[in-house]
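**Student:** Sequence:
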Amino acid sequence: MNFRHIIMGALASCASLSAVHAAEPALKSLPQQPGPLETQVQLKATVDKLIAPLMKQYGVPGMAVAITDHGKHYVFNYGLASRETGLAVSNDTLFEIGSVSKTLAVTLTTYAQAQGKLALTDSVSQHLPTLRGSSFDHVSLINLATHTAGNFPMQVPDAIKSEAQLMDYFKQWQPADAPGTHRTYSNLGIGLLGIVTANSLGVTFAQAMEQQLFPALGMQHSYINVPPAQMPHYAQGYNGRNQPVRVNPDVLADEAYGVKTTASDLLRFVDANLGLAKVDAPLSQAIKATQTAYFKVGALTQDLVWEQFPASSKLPGLLTSVDEKIVFGNNPATSITPPLPAQSDVLIHKTGSTGGFGAYVLYSPGKKTGIVILANRGYPGAERVTVAYRILEQLDK
329 MNFRHIIMGA LASCASLSAV HAAEPALKSL PQQPGPLETQ VQLKATVDKL
379 IAPLMKQYGV PGMAVAITDH GKHYVFNYGL ASRETGLAVS NDTLFEIGSV
429 SKTLAVTLTT YAQAQGKLAL TDSVSQHLPT LRGSSFDHVS LINLATHTAG
479 NFPMQVPDAI KSEAQLMDYF KQWQPADAPG THRTYSNLGI GLLGIVTANS
529 LGVTFAQAME QQLFPALGMQ HSYINVPPAQ MPHYAQGYNG RNQPVRVNPD
579 VLADEAYGVK TTASDLLRFV DANLGLAKVD APLSQAIKAT QTAYFKVGAL
629 TQDLVWEQFP ASSKLPGLLT SVDEKIVFGN NPATSITPPL PAQSDVLIHK
679 TGSTGGFGAY VLYSPGKKTG IVILANRGYP GAERVTVAYR ILEQLDK
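For the record, in the sequence shown the residue sitting at position 167 is 495 according to my numbering, with numbers rising by one throughout.
Treat the hints as calculated values from the structure; they're not laboratory data.
Just so you know, not all the hints are guaranteed correct.
[Stated by the list, open to error] Lysine-lysine pairs mimicking BS3-like chemistry, simulated, CA-CA at most 25 Å apart:
#	residue 1	residue 2
1	725	642
2	489	499
3	616	445
Based on the sequences and whatever the hints tell you, model everything.
**Tutor:** If you want it as structure tokens, here you go:
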């Protein structure tokens, strides 16, 4: 998979949406905490106005937008889950969320920490005996979770086809930079963190996610391995050539970008990050831990996977994180000492992509608002950030 290619009135608005096959009733919300009807109408007008032209411009077959405002939920669905079958996107549609999966993976890690299974300050080799005596004696779990291990490649090398080969690669790996001095975005670091975490819990990564984390978050429609009964709800993804694709079962795919979920289920996770969902005390502690700030990289503050900006930086600040230099580059990182606990006056976000899907999550802890945007075709990260920010702006009016 080549991420350089991957990453690269309300009633009146309904008429425009017919061009992109708007599939749901005009006003569709989660039954658990529906928002006020007037707000739904206003939000729908805003979302329609932004989503319809975006889908047309980038040839996106289907999208789902889920919004939380102090725990009140709004979900709007557009277009087709599959061009081949004509199935419309619905509240049940499962999307691949790519690297947004990393935010859930690192929450599993901090959840394991809250249960006393590991500590973020541990070295990797403390948990993987096969790597003792390697460079991973000096790489912490924090380094893995903040992309500061020492300049991993973005992708798992093509020659690696098994975990045994992966471990052989790690045994030989030497950091180009001292751990904790540079940020280089990589699937290998988070993938290795997933392996460490699963080992600490005594189960596979998929089992840990599906049997422990998802249930604890109340995410009843989220999977690493989509079960047969849910396959009819699994959207078809489309690549840049409009070919139908789904994520390949490559090494570290589960750990780094393997979650499939619905917009409404992912919104539950956003609510949990906003302190709006009832979760057990260890999980609440774990979620707050993921919002701890560890490094400054230009305008970006690197939390555990999550990327953070001062709320005052607004849209321009958020857009710096999808610049190619940040996405693909090896950038100096300044340690925040001591690490800064979870803040309220900030914006926190994460993009994600697979070969046929694009995802984005943005939330404001201070305003208790958040948004999930899922699509079954990739489109530019800057567009995701801009559209999401503009939609959340509507909640301030």
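**Student:** Are the Cα positions of residue 616 and residue 445 separated by 25 Å at most?
**Tutor:** Holds. Residue 616 to residue 445 sits at ~18 Å (cutoff 25 Å).
**Student:** Run the distance test for residue 489 versus residue 499: straight-line Cα separation, threshold 25 Å.
**Tutor:** holds, 16 Å
**Student:** Hinted pair, alpha-carbon criterion (25 Å max): residue 725, residue 642. Please report holds or violated.
**Tutor:** holds, 16 Å
The structure shown violates none of the earlier numbered hints.
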